[in-house]
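Novice: Read off the chains here:
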Amino acid sequence: MTATAPRREWPRLLGWRVGFGVAVLVVWELAAGRFIDPFWFSSPLRILRHLIEWTREGTLFGHLLVTLRETFLGFLLGSVAGILVGVALSRLAFLARVLDPFIVAVNGIPRVALAPLFIIWFGIGELSKVVLASTLTFFITFYATFSGLRAVEPAYQDIARVMGASERQIFVKVSLPAASPWIVSALKVAVPFSLIGAIIGEFMAASRGLGYMIQLNTNQFDTTGAVSGILVLMVCVMLFNGALNRLERYVLRWRPRERAAAARELP
Amino acid sequence: MTPILALREVARGFVTRGRVVEALAGVSLDVGAGEFLTIVGPSGCGKSTLLNLVAGLLPPSGGAVLYKGAPVRGVNTEIGYVTQADNLYPWRTLVENVEFPLEVRGVPRAERRRRAIALIERVGLGGFEDHYPYELSGGMRQRANIVRTLVYDPEVILMDEPFGPLDAQTRLILQDQLLGLWDAARKTIIFITHDLSEAVALADRVVVMTARPGRIKRICPVPLGRPRDLFHLHDDERFRVTYDTLWDDLEGEVMQSAEAWQRARA
Numbered sequence: 069m070t071a072t073a074p075r076r077e078w079p080r081l082l083g084w085r086v087g088f089g090v091a092v093l094v095v096w097e098l099a100a101g102r103f104i105d106p107f108w109f110s111s112p113l114r115i116l117r118h119l120i121e122w123t124r125e126g127t128l129f130g131h132l133l134v135t136l137r138e139t140f141l142g143f144l145l146g147s148v149a150g151i152l153v154g155v156a157l158s159r160l161a162f163l164a165r166v167l168d169p170f171i172v173a174v175n176g177i178p179r180v181a182l183a184p185l186f187i188i189w190f191g192i193g194e195l196s197k198v199v200l201a202s203t204l205t206f207f208i209t210f211y212a213t214f215s216g217l218r219a220v221e222p223a224y225q226d227i228a229r230v231m232g233a234s235e236r237q238i239f240v241k242v243s244l245p246a247a248s249p250w251i252v253s254a255l256k257v258a259v260p261f262s263l264i265g266a267i268i269g270e271f272m273a274a275s276r277g278l279g280y281m282i283q284l285n286t287n288q289f290d291t292t293g294a295v296s297g298i299l300v301l302m303v304c305v306m307l308f309n310g311a312l313n314r315l316e317r318y319v320l321r322w323r324p325r326e327r328a329a330a331a332r333e334l335p
Numbered sequence: 008m009t010p011i012l013a014l015r016e017v018a019r020g021f022v023t024r025g026r027v028v029e030a031l032a033g034v035s036l037d038v039g040a041g042e043f044l045t046i047v048g049p050s051g052c053g054k055s056t057l058l059n060l061v062a063g064l065l066p067p068s069g070g071a072v073l074y075k076g077a078p079v080r081g082v083n084t085e086i087g088y089v090t091q092a093d094n095l096y097p098w099r100t101l102v103e104n105v106e107f108p109l110e111v112r113g114v115p116r117a118e119r120r121r122r123a124i125a126l127i128e129r130v131g132l133g134g135f136e137d138h139y140p141y142e143l144s145g146g147m148r149q150r151a152n153i154v155r156t157l158v159y160d161p162e163v164i165l166m167d168e169p170f171g172p173l174d175a176q177t178r179l180i181l182q183d184q185l186l187g188l189w190d191a192a193r194k195t196i197i198f199i200t201h202d203l204s205e206a207v208a209l210a211d212r213v214v215v216m217t218a219r220p221g222r223i224k225r226i227c228p229v230p231l232g233r234p235r236d237l238f239h240l241h242d243d244e245r246f247r248v249t250y251d252t253l254w255d256d257l258e259g260e261v262m263q264s265a266e267a268w269q270r271a272r273a
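Just so you know, the sequences run in chain order A and B.
Sequential numbering from 69 applies to the first sequence in the working numbering.
Sequential numbering from 8 applies to the second sequence in the working numbering.
Just so you know, these hints were derived from the structure itself, not from any lab.
Ideal placement from N, C-alpha and C gives every residue a C-beta, glycine not left out.
Take the hints with a grain of salt, since some may be wrong.
To be verified - Okay, the calculated bits of chain A under chain B, using three or more residues with CB under 8 Å as the criterion:
#, region
1, 219-232
2, 241-254
Stated by the list, open to error - Under 7 Å between C-beta atoms, here's a sample of chain A residues computed to sit facing chain B:
#, residue
3, G176
4, Q237
5, W322
Could you build the full structure based on these sequences and the hints that come with them?
Specialist: Laid out in structure tokens, this is it:
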């Protein structure tokens, strides 16, 4: 959305956005202690103080690092595997049809239900969270790669064949780039899901990480601590999104602006 | 003279909804080296199937396709194919698209760039080398599409209604450019079109096809010299006579094809 805004509109848009954000915070702060009980909902200034304190103690950075590491490794593992399996099955049509119901079934398992099992199998440490996160990213990238490769315009491949390309060259120079919009948008979706996987894992059983901190604070009825953790997660996701949008715009720079914008606005 | 391309009693059917539909039946045709041949016929008469057979993208279900006297087995990479929809790769810039066939054939980077740029400039696309296809107009894309085929110097070029979606003025300009390029290189061209006047204006010989299953109804030489002034061809008596003769043939087929379509709908 922001990318398509004409240049002149930018300052106005940014102004309104900042204004809206500040207004929400001010209303919240003023209402806290008057209309709402800060014990349940905390307040912006309390959260700010809490975050400063966390940062000074060094706790925030340590826990954040653990969660980000789990998220990143889970994302990497899941999406690399997803792309590889997607590529393989797109070429082995019969095997893909044999496996189809199994893939649907496994993907249908709510990941929260798997989390305790992963803790048993892979321990209370970071590995169980990495695996959980990767099961979420795997299916997203697998389906996108598989469908993207099967949706490649056959004429693109035929014409490459006539122009003298080998099957390998067709795959690398035609099919993969043609499927790249699918794969790139799946990677974009997969990042927040990977974070969700890591946090769910930490909720179940962990001794470190932001999810663990949020859980711990909630159990102690420290809403300020819980909301502070949630806020940090929110900022992380927004930063990831910004970076991924930039990356997408670069990788898919050959697409007409409107189409790329429409794809971005899809949930 | 042995023809560069020969079709011998070629047939091709397709299975749709459990029924075999004959697209082509008993097509025999010789194409000489350096000839400009155009094919006209009602829609659905198997013209595109014919080109796919010649390119080796489809095997014939009967008869034989001979290229330089030998049956075509598998894709014939000595052939260039310009499709109706421009199949430029949207993720490649104009010059990268034109370089593609050279790239897959292992031509060194500097040489393929040089050859691509030279042709791009010949058709007036200089300055647009680094544009992506979506940034080009339909006429520019189709020019790029043709140039991409010419760049690797195929012996035979197949063109499937390459100017179909373009407006009349752009068509005329591209037709003129195509004849210029053909005059310079004298490749064999098989050119499919809906437009009879385009067929007559470009061709050495015009092939008229029947409604499905597609057969050859008539092969008519065009008694016009070269080079041709496409912009004033319509005033030429020989052009009009050829056009009228062919139209008499084509009209019946077009009507028959339309009736069959009506029946299928009813």
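Novice: Please flag the earlier hints that this structure goes against, numbers listed from lowest up.
Specialist: As far as the earlier hints go, only 3 is violated by this structure.
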